[in-house]
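Peer 1: Here is how the chains run, residue by residue.
There are 2 protein chains.
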Amino acid sequence: MVQKPAPDSTRRSEKSRRAIYDAALALVVEVGYAKATIEGIAARAGVGKQTIYRWWPSKADVLLEAFLDLSEQYAEAVAPPGQEVQQEYGIPDTGDLAADLKYVLRATVDELVDPKFEAPSRALAAEGVVDAQFATQVVSRLLEPQLQLYVQRLRAAQNAGDLRRDIDPRIALELFVSPLAQRWLQRSGPISYEYTDTLVDYALGGLAPR
Amino acid sequence: MVQKPAPDSTRRSEKSRRAIYDAALALVVEVGYAKATIEGIAARAGVGKQTIYRWWPSKADVLLEAFLDLSEQYAEAVAPPGQEVQQEYGIPDTGDLAADLKYVLRATVDELVDPKFEAPSRALAAEGVVDAQFATQVVSRLLEPQLQLYVQRLRAAQNAGDLRRDIDPRIALELFVSPLAQRWLQRSGPISYEYTDTLVDYALGGLAPR
Chain A
1 MVQKPAPDST RRSEKSRRAI YDAALALVVE VGYAKATIEG IAARAGVGKQ TIYRWWPSKA
61 DVLLEAFLDL SEQYAEAVAP PGQEVQQEYG IPDTGDLAAD LKYVLRATVD ELVDPKFEAP
121 SRALAAEGVV DAQFATQVVS RLLEPQLQLY VQRLRAAQNA GDLRRDIDPR IALELFVSPL
181 AQRWLQRSGP ISYEYTDTLV DYALGGLAPR
Chain B
1 MVQKPAPDST RRSEKSRRAI YDAALALVVE VGYAKATIEG IAARAGVGKQ TIYRWWPSKA
61 DVLLEAFLDL SEQYAEAVAP PGQEVQQEYG IPDTGDLAAD LKYVLRATVD ELVDPKFEAP
121 SRALAAEGVV DAQFATQVVS RLLEPQLQLY VQRLRAAQNA GDLRRDIDPR IALELFVSPL
181 AQRWLQRSGP ISYEYTDTLV DYALGGLAPR
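In the order they appear, the protein sequences are chains A and B.
If you count the first sequence from 1, position 130 lands on 130 in the UniProt record's numbering, and the numbers rise without skipping.
If you count the second sequence from 1, position 137 lands on 137 in the UniProt record's numbering, and the numbers rise without skipping.
So that you can see chain A by itself, here it is in the shape it has in the complex (with noise of 0.2 Å):
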């Protein structure tokens, strides 16, 4: 069965979005998350204020979609040519969780310093250090539905043997994840594959002899 084209009206509303989307994401690097106001959004794409309104209650919920929008896009922009990009960046089990967990860390090392996603990854985490209500979205719509990819790929770990069964994969995660983030977020050294995978290796070998 053929598909029909879609109607004018639906494809004029994919590009306003679109437009929504770069403009809100543009303007929050430009003067910050505060001083960013739907009108402003609604004026740099070229849109009156109302259709904003109509798709998104608030400011906070265009960003966030906009992040989520431009996070798809990197991963369509990265994954090998032929394959299926994968809604929310499965980690991979190989069987060998060292290398899964590297694989993975190395993929978010190179998103961290893409300039693309650097700014409004930036502007959107600085607001969520002052601002609760905000973090609570960033948290629960962006952050913590990565980690849970981490959980589950600790979890089949800890069923495969390659992991100890008395942790908690929602901590453990932390001792590699968190030590990117702050470097990222603070600035306080350098990012590198070299890094993630010492983290790594750290981790699940435990700083105390053996």
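Just so you know, the hints here were simulated from the structure itself, not pulled from any lab data.
Be careful, since some hints might not be right.
Pairwise CB distance ranges (calculated) [stated by the list, open to error]:
{"hint": "1", "chain 1": "A", "residue 1": "165", "chain 2": "B", "residue 2": "116", "range": "41 to 47 Å"}
{"hint": "2", "chain 1": "A", "residue 1": "152", "chain 2": "B", "residue 2": "22", "range": "45 to 51 Å"}
{"hint": "3", "chain 1": "B", "residue 1": "113", "chain 2": "A", "residue 2": "35", "range": "27 to 33 Å"}
{"hint": "4", "chain 1": "A", "residue 1": "116", "chain 2": "B", "residue 2": "94", "range": "45 to 51 Å"}
{"hint": "5", "chain 1": "B", "residue 1": "76", "chain 2": "A", "residue 2": "95", "range": "52 to 58 Å"}
{"hint": "6", "chain 1": "B", "residue 1": "165", "chain 2": "A", "residue 2": "35", "range": "50 to 56 Å"}
{"hint": "7", "chain 1": "A", "residue 1": "152", "chain 2": "B", "residue 2": "94", "range": "36 to 42 Å"}
{"hint": "8", "chain 1": "B", "residue 1": "119", "chain 2": "A", "residue 2": "165", "range": "38 to 44 Å"}
Computed from a predicted model, the values in this text were never measured in an experiment.
All C-beta atoms, glycine included, are put in the ideal place defined by N, C-alpha and C.
Please arrange chain B on chain A, whose structure you already have, making use of the hints.
Peer 2: For chain B alone, kept in the frame of chain A given last:
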């Protein structure tokens, strides 16, 4: 030899300095780092702006010193009676590495959730997320000196045979320091003594079965 009372001008300067610190911290909490100005700090402290420029070359310098001063006040307030305050929160070395690390991390938990400390800390941290130049100052003057105390304690542990000799202490400390930092910065999970104790146990013992 009886110490002479400080001359009026010195006492007046000390009072002005304290008023300027208080004004700087209050202002950055209220309007954020970007909108806080030397003029605003001077007006709030009841001093001329030349008084501030005589002592500090920039807004960043006033705020970083005000924050360092707050940290010292905090250390004095929580020090046991009769015990001298160590200048930079030296990490104890009782010979029990896990216990010493847990002790210091519990003190950090107390500080991070103290309302007097939290608001200015968040304002400074948020600015560092988006402003690389300011972040460099925060790291070199506030964060890295604290992390180097962990490096010293971990080196002592390596010499005592309590820590693997083949690891880099500057990275190793991040396994228990950074998770707490990320939960605080991004509000990605609750902070408690039990949590930081767990981080130390996981980091030292490792996540893989022994």
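Peer 1: Are the hints correct? Go through all of them and say.
Peer 2: How the hints compare with the structure:
1. A:165 to B:116: 41 to 47 Å: holds, 42 Å
2. A:152 to B:22: 45 to 51 Å: The hint (45 to 51 Å, Cβ to Cβ) holds, given that residue 152 (chain A) and residue 22 (chain B) are roughly 49 Å apart.
3. B:113 to A:35: 27 to 33 Å: holds, 29 Å
4. A:116 to B:94: 45 to 51 Å: holds, 49 Å
5. B:76 to A:95: 52 to 58 Å: holds, 54 Å
6. B:165 to A:35: 50 to 56 Å: Roughly 51 Å apart at Cβ, these two residues keep to the hinted range, so it holds.
7. A:152 to B:94: 36 to 42 Å: For residue 94 (chain B) against residue 152 (chain A), whose Cβ atoms are near 39 Å apart, the range 36 to 42 Å holds.
8. B:119 to A:165: 38 to 44 Å: Distance hint for residue 119 (chain B), residue 165 (chain A) holds at roughly 41 Å.
In summary, this structure violates none of the numbered hints.
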